[in-house]
Amino acid sequence: MIQAEHLTKRYRSRLVVDDVSFVCRPGRVTGFLGPNGAGKSTTMRMLCALTTPNSGRSLVLQHPFRELRNPGRHVGVLLDASAQHGGRTGREILALSACLMSLPAARVQRVVDVVGLTAREADARTRTYSLGMRQRLGLAHALLGEPQVLILDEPVNGLDPAGIRWMRGLLRSFADAGGTVLLSSHLLHEVEAIADDLIIIGGGRILAQGSAAELTSTSGGLEELFFDLTAQHGRGQHGRGQYGREQFGREQFGREEVAS
Amino acid sequence: MNTLTLPGSVPTLRTPGGITFTRLCGVELRKQVDTRAGLWLLIVIALVNTALIVLTLTTVPPSELTWANLTSTASLAQFVLLPLIGVMAATSEWSQRTGLTTFALEPRRTRVNLAKLVSAGLLGLLVMLLTVIVGAVLNVVGIVFRGGDGSWAMDWSMLAGAALALLLLVAQGVAFGLAFLSTPIAIVAYLALPIVWTTLTMFISGLAGPATWLDMNVTMLSLMMGEMSVLGWAQLTTSVAVWVGVPLAVGLWRTARRDVA
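Top to bottom, those sequences are chains A and B. Going letter by letter, the first sequence gives residues 1 to 260 in the UniProt record's numbering. Going letter by letter, the second sequence gives residues 1 to 261 in the UniProt record's numbering.
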């Protein structure tokens, strides 16, 4: 269970996240959708106590993240697959975290197998990794502590179609076993295929949330809904065209940019 | 594909043990030596010390080949280079962005930073211990091959002073790393600022007085000679407060609040 209550984050005068509230329930995959700069990453960092909100609060498993002892055993986090020390091997990164979480060393090989990294890949320095390999390593890391909650920012970014399909199955089985999944994405169809619940965010505000079935049953499906919402509610100073289809298409593989 | 071992359906909080400070220090110590940069710094320290040892063993008069002398010869490089491992321990979380992982596993950032400080100090002590052992081996080499004096009298106050000086320098490295959060800037600041300050005190006569209290290069001299007086301790403490305490306080304050991104 993840609860966000009136989360608000301001960088100088810019409101990046504006009064965001939602709940992610166990047994369900919650998709977090929004264009670049909508505030997805900032919100997810606030859930993990990496960014302090100006107001509002969030709970993971009914506790503020900061108060979790050994949080890696409860919450698997993947916020940026590229944020790893390039001089360490994938296996060493996992081993360090396993050690920190007091996990048996065998757990490392287990998650390496689960995400399908070969022994050779796991023993290579992450500097040499492709984005897809980084995502697999990041997911292995998120699963390491056998968490009940997963918080994943753009986890399918850089995965090939087979990888995306595999990820879908993995998250599905995680949720079916009672886990809570929050994943953000630019890829509408991917989210549509995985998510039970949807949160659509634009310009820092929640534009719509509800079950995926409910939201996609509106005329024209999720895609129409998404563009309607983000065009109407886009940040005023950028005008209506900011979140137009063409713009979105070009930017969808870019890294989400949030002032820091 | 393997199936996942998943927890039960009720998402209540299990209670696995917390992360002890000892465990945190152990992991931080490993992180200091498991990267290419960290490993190479240690290798370079060993190489430079080896070169100095060879020079000493071959050129110094046999009467000066003692355990104490050889130990101090074999320990020079770590005073210059080991603090850089401290710098990198502090900066890499931010420059390599590993903080996204580290602080998601232990959100108490000050606790992580203190673990970095303790583990970097521990690494310093391990290196000193190793140097003393190498010094002993070299003393035997000196006796056997050069008919050296071979005295086993160790100046323990000097050795303890050197160990403490190394700890202070490593702490200064961590402190500068935390204050600047960028590896190149922190390293340049760590290396250049004390030199600039020492140079200024040599040219500006009015600064000579304050320098005896505020220049670690000066206050650590008598510490490393093992000749500390009450005044010396007061002067050392003052300079350490300025050069280690202030950047450490700034760094801890800064890293506790900053967005990890």
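Just so you know, not all the hints are guaranteed correct.
To be verified - Which stretches of chain B does chain A cover? Using the computed rule of at least three CB atoms under 8 Å from a CB of chain A, they are:
| hint | stretch |
| --- | --- |
| 1 | 22-30 |
| 2 | 33-41 |
| 3 | 90-102 |
| 4 | 105-118 |
| 5 | 253-261 |
These are calculated hints, taken from the structure and not from any lab test. Don't be surprised by glycine CBs; every beta carbon is placed ideally from N, CA and C.
Hint check results:
Interface restraint, the stretch 22-30 of chain B with chain A: holds (5 residues with C-beta to C-beta distance below 8 Å; minimum three). With a cut-off of 8 Å between beta carbons, the stretch 33-41 of chain B has 4 residues touching chain A; three or more are needed, and the interface restraint holds. Under the rule that three or more residues need a Cβ within less than 8 Å of chain A, the assignment of the stretch 90-102 of chain B holds, with 7 such residues. Coverage of the stretch 105-118 of chain B by chain A holds in this model, with 4 residues showing a Cβ closer than 8 Å to a Cβ of that chain against a need of three.
Coverage of the stretch 253-261 of chain B by chain A holds [criterion: at least 3 residues with CB-CB distance below 8 Å; count 4].
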